[in-house]
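Student: One letter stands for each residue in the lines below.
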Amino acid sequence: MNKSVQKTNRKSRRMASVKEFWRRFIKNKTALAGFVILCFILFIVIFADVIVPYSKCIEQAGSERLQGPGPAHWFGTDEYGRDLFARVIHGSRYSLIIGVSTSLMALFFGAILGASAGYFGGMVDNIIMRITDVFMCVPPILLSLAVVAALGTNLRNLIIAMTISCVPGNVRLIRSVVLTVADQDYVEAARSYGTGNGRIIFRYVLPNAMGPIIVNTTMCISDMILSAAGLSFIGMGIQPPAPEWGSLLSNAETYLFSAPYLLVFPGIFIILTSLAFNLVGDGLTDALDPKLKD
Amino acid sequence: MAKYIIKRLLYMIPVLLGVAFLVFTILSLTPGDPGSIILGITARPEDIAALNEKFGYNKPFLIRFFTYIGNIIFHHDLGISYQTRQPVIDSILARFPNTLFLAVLSMCVSALLGVTLGIVSAVKQYQAIDRVLVVTALIFASIPGFWLGLMLLLLFSLKLGWLPSFGSGSLKNFILPTVTVSLTSAAGLLRLTRASMLETVRQEYIRTARAKGAPEKLVIYKHALRNALIPVVTTMGTSFGASLGGAIIAETVFAMPGMGTLLTTAIRQKDIPMVMGATLFLAFLFSLVILLVDILYAFIDPRIKAKYQNGGRSRE
Amino acid sequence: MSDNEILKVKDLSILYKTDLETVYAVNHVSFTLNKGQTLGLVGETGAGKTTTALGIMSLLPKRTARVTSGEILFEGQDLLKMSEKELLGIRGQKISMIFQDPMTALNPVLTVGDQIGETVRLHNTKNLSREEIEKKVEDTLELVGIPKERKNEYPYQFSGGMRQRVVIAMALICDPRMLIADEPTTALDVTIQAQVLSMICDLQRKYGTSMIMITHDLGVVAETCDTVGVVYAGEIVEYGQLADIFAGEDHHPYTEGLFGSIPNLKTKARRLQPIEGLMPDPTVPVEGCRFAPRCKYATDQCRSKKPPLWEKDGHQIRCHFAGIRKEAKHE
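Protein chains in written order, with our numbering: chain A, -7 to 286; chain B, 717 to 1032; chain C, 234 to 564.
Mixed in with the good hints, there may be bad ones.
With a straight-line cut-off of 35 Å between C-alpha atoms, the simulated DSBU-like cross-links for lysine-lysine are [stated by the list, open to error]: (1) C:Lys318 x C:Lys243; (2) C:Lys268 x C:Lys327; (3) C:Lys439 x C:Lys318; (4) C:Lys368 x C:Lys381; (5) C:Lys241 x C:Lys538; (6) C:Lys268 x C:Lys439; (7) C:Lys268 x B:Lys933; (8) A:Lys19 x C:Lys250; (9) C:Lys314 x C:Lys381; (10) B:Lys840 x C:Lys314; (11) B:Lys938 x C:Lys369; (12) C:Lys295 x C:Lys327; (13) C:Lys439 x C:Lys381; (14) B:Lys840 x A:Lys19; (15) B:Lys775 x B:Lys986; (16) C:Lys241 x B:Lys933; (17) C:Lys314 x C:Lys243; (18) C:Lys368 x B:Lys933; (19) C:Lys545 x B:Lys840; (20) C:Lys295 x A:Lys19; (21) B:Lys719 x C:Lys368; (22) B:Lys938 x B:Lys840; (23) C:Lys381 x C:Lys359; (24) C:Lys327 x B:Lys933; (25) A:Lys48 x B:Lys875; (26) B:Lys938 x C:Lys381; (27) C:Lys439 x C:Lys529; (28) C:Lys318 x C:Lys250; (29) C:Lys381 x B:Lys723; (30) C:Lys327 x B:Lys840; (31) B:Lys938 x C:Lys318; (32) C:Lys314 x B:Lys938; (33) C:Lys327 x C:Lys243; (34) C:Lys539 x C:Lys241.
Treat the hints as calculated values from the structure; they're not laboratory data.
Construct the complete structure from the given sequences, taking the supplied hints into account.
Tutor: Rendered as structure tokens:
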């Protein structure tokens, strides 16, 4: 068989498995629901400026303070008369940026450290894992708080803080997955042909360890969105007047009784976004692991 | 077994030192010297320098670190608060019981709820109750704890007036915070227990048990459950960390004097010794819980116990 | 069903149905096991041997597996018609099973003594006291060659061969009338295989237990079986006494192939003759003979028409050319 035929074969096989994966994924109603919600949120994030201009988020109107939901202000207005709908729509960007960027960065560092620990073993493994043990002894939110306390509260520091708190878990997960895969015969075989370490890690080990890693990252995004909102809520994350969902809620607490809608709308959006990632992650688990299906 | 526990205890020492070093390093990144934070920018430079000198703030980093550790070990001293000028340890000890109580209570409630419902869900796989439980768990896992807390507060304290909305005086004060923290972490435990249970009943030893003529109940509760709980127990430590984190945030919602409110206030006031003391204290507590979980784990899984009994080698 | 027979399987068909595909695992299988004798089911991996065994035990995965035809008469009663409660009294007490992989067949968190004793406690018809049960466990352990002191150890403390002995003890402790051994030696080292196998046979003879021996190893068949069924793609293609299979005149081409693919020291000049090709896709229903695609004698008739069952003195072959082809072969 010549090389090009081999290549197309491999390609078509990959296409087939992607197709099969997709078939299993959309068959799962909850996963499909998650995917639809996710598309909806992504639509909002991308077209936020088209839906409602950013200026409406910051435009204060003393005469329109704390108005309930109505035709002029769909979600009502806050204590400065700012349009809550506009603030919620634009707030989606913060949540998604924080959720996705922290998860991806944590994945990146987790993959490098975890894969090296699992693959090389011995001294490297020992050093990385002992340091991870130390990090694991500090609850994530505490670690984030310490970083924020030292560096100050802003978007960049929040991302750094949350990434740091998320890396150790990823290191452990990826190490264990890599350990199982690195034990497989095909990796042994590749090694016996004299394939280099880097090539083995990136071509054989990581792709075969992808399933649990993808699922974990998806779920991690959801966790990070919730944590970011939580940190902002206690005033340790994104600071007002930025329309981050958590800090919107932090303001709303003051008007809990008089203007509960201030609480409801941002809350629903946080839940929807987080739920979307959880549902998709759940669907991915089932779709990537056919044996779970009996 | 004793050997295992001693080994784990000894391993705690470097880990705790590491934790202290980590927290100390992070908080040393704070811009500005303590003298000017305490006295404010309007103070005379000589006074600031004198204060820094007095507290040893201008010594090299490692010296400061070891002095700090030495003070903790020998004098149970976590430093002096910049704000109150009182020992940090006093504030912590005053606030800490509330947080611990809330975290432990929430942890117990969520374990009870999560594990039980997880088993129910797995046993009734493909039935309506399983679907309902799984979707409910996913929704609860997606609700921010503080939001749930605010909603409960709105309903039960403000609208119905059944429960107090702030303080920590009586057990009643703990009901809403406990529900808030435990519901979200129970959701995670439910999913984990269910997945682990489903994985376990597929194992061959379950088929062996059935082949012996064991009725379904015995198969589930004797053969499957103990194996299925092993991964659940290993995450109990992390789950306590989540409860602790949840408690920190819930305290803000329910205006409860605890470590969470102490920490956030200290961070806002740039009261670094207080932040450091509180963080270290909670991290130490958390490490102890992880240790306890590890020991518990060895009791459930004989393979772990044996590793330490016969010279670390099991016959495979 | 005559008094001499303990198990009679008639026209058994089992399929697995998932949302993706339907696997026709067992297709119209019939065989008979006489009291005190051993029936061998021999064939490649995936031929449906284990499914047949699980079918007899009623341990098929509930959601996916369906028995679509046939009956399984055990001591005259159809196991397929029994309630779950009745089956609980049969499994472990009257019929027990030895599994293929001793590494996964034992519960890792329970001691071996507990696991062996459980079978007795579940079927305690003689009302044995706790001490008597413990005694019985110890006796059975010694019987399978494990010192009784080891009953409080956990499975991970045993080697593969020892674990299989534990599984055997577990299966035999209630003196079952019938034993299903599903590739009991496949997962073991070659040197251990013989030990374990001869132990199973000794115990079987000692207690007069009837046995179904599932294997892909013709050597095992030759040593242990009285009757043999050769299974191919969920079908019994040849069935007869041990002598019929090993020394008979007529054979199914698949059986010939099986013998051709084992090394023979006596005729060393000949090369091994593997059976070309693979087993047919079990998800596709077949019109003609299932072996036709791999059979060197196959004709159009084989590909289009299901072969009838040829029989001579109890020796059965499912082939269009059984009894005829022999001459053609020597041309």
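Student: Each hint needs a verdict: does it hold in this structure or not?
Tutor: Now for the hints, and whether the structure bears them out:
1. With a CA separation close to 23 Å, the supplied pair C:Lys318 and C:Lys243 stays within the 35 Å bound.
2. Straight-line distance between C-alpha atoms of C:Lys268 and C:Lys327 comes to about 13 Å, which keeps the hinted pair within the 35 Å bound.
3. Straight-line distance between C-alpha atoms of C:Lys439 and C:Lys318 comes to about 30 Å, which keeps the hinted pair within the 35 Å bound.
4. A threshold of 35 Å between alpha carbons decides the hint, and for C:Lys368 with C:Lys381 the separation of about 9 Å falls inside it, so the pair holds.
5. For the hint linking C:Lys241 to C:Lys538, the alpha-carbon distance of about 27 Å falls within 35 Å, and the restraint holds.
6. The suggested pairing of C:Lys268 with C:Lys439 holds, with an alpha-carbon distance near 13 Å, which does not exceed 35 Å.
7. About 33 Å separates the Cα atoms of C:Lys268 and B:Lys933, which keeps this hinted pair within 35 Å; it holds.
8. At roughly 17 Å between alpha-carbon atoms, A:Lys19 and C:Lys250 fall within 35 Å of each other, so this suggested pair holds.
9. This hinted pair does not check out: C:Lys314 and C:Lys381 have alpha carbons roughly 40 Å apart, beyond 35 Å.
10. Straight-line distance between C-alpha atoms of B:Lys840 and C:Lys314 comes to about 25 Å, which keeps the hinted pair within the 35 Å bound.
11. For the given pair, B:Lys938 sits about 22 Å from C:Lys369 by alpha-carbon distance, which is consistent with the 35 Å threshold.
12. A threshold of 35 Å between alpha carbons decides the hint, and for C:Lys295 with C:Lys327 the separation of about 22 Å falls inside it, so the pair holds.
13. The suggested pairing of C:Lys439 with C:Lys381 holds, with an alpha-carbon distance near 21 Å, which does not exceed 35 Å.
14. Between the alpha carbons of B:Lys840 and A:Lys19 the distance comes to roughly 21 Å, so the proposed pair stays at or under 35 Å and holds.
15. Taken as a hint, the B:Lys775 and B:Lys986 pair is honoured in the structure, with Cα atoms around 20 Å apart against an allowance of 35 Å.
16. A distance of roughly 31 Å separates the Cα atoms of C:Lys241 and B:Lys933; the hinted pair therefore holds under the 35 Å criterion.
17. The hinted pair formed by C:Lys314 and C:Lys243 meets the criterion: a straight-line CA distance of about 14 Å does not exceed 35 Å.
18. In summary, the hint linking C:Lys368 to B:Lys933 is supported, as the alpha carbons are separated by about 27 Å, within the 35 Å threshold.
19. Pair hint C:Lys545 plus B:Lys840 does not hold up; C-alpha atoms about 52 Å apart against a cutoff of 35 Å.
20. Among the hinted pairs, C:Lys295 with A:Lys19 is consistent with the structure: their alpha-carbon atoms are about 22 Å apart, no more than 35 Å.
21. Note on B:Lys719 and C:Lys368: the hinted pairing holds, with a Cα-Cα distance of about 33 Å set against a maximum of 35 Å.
22. For a cut-off of 35 Å, the pair hint linking B:Lys938 to B:Lys840 stands: about 17 Å separates their Cα positions.
23. Distance check on the hinted pair: C:Lys381 and C:Lys359 sit about 23 Å apart at the alpha-carbon level, within 35 Å; holds.
24. With a C-alpha separation of about 21 Å, the suggested pair C:Lys327 and B:Lys933 falls inside the 35 Å cut-off, and the hint holds.
25. Only pairs whose Cα atoms come within 35 Å are accepted, and A:Lys48 paired with B:Lys875 is accepted, the gap being roughly 32 Å.
26. At roughly 24 Å between alpha-carbon atoms, B:Lys938 and C:Lys381 fall within 35 Å of each other, so this suggested pair holds.
27. The straight-line distance between the Cα atoms of C:Lys439 and C:Lys529 is roughly 44 Å, outside the 35 Å bound, and the hint therefore fails.
28. This hinted pair checks out: C:Lys318 and C:Lys250 have alpha carbons roughly 25 Å apart, not beyond 35 Å.
29. Of the pairs offered as hints, the one joining C:Lys381 and B:Lys723 holds, with about 33 Å between alpha carbons and a cut-off of 35 Å not exceeded.
30. Between the alpha carbons of C:Lys327 and B:Lys840 the distance comes to roughly 30 Å, so the proposed pair stays at or under 35 Å and holds.
31. Between B:Lys938 and C:Lys318 the alpha-carbon distance is near 19 Å, which keeps this suggested pair within the 35 Å criterion.
32. With a C-alpha separation of about 28 Å, the suggested pairing of C:Lys314 with B:Lys938 holds against the 35 Å cut-off.
33. In summary, the hint linking C:Lys327 to C:Lys243 is supported, as the alpha carbons are separated by about 20 Å, within the 35 Å threshold.
34. For a cut-off of 35 Å, the pair hint linking C:Lys539 to C:Lys241 stands: about 24 Å separates their Cα positions.
Hints 9, 19 and 27, counting from the list given before, are not met by this structure.
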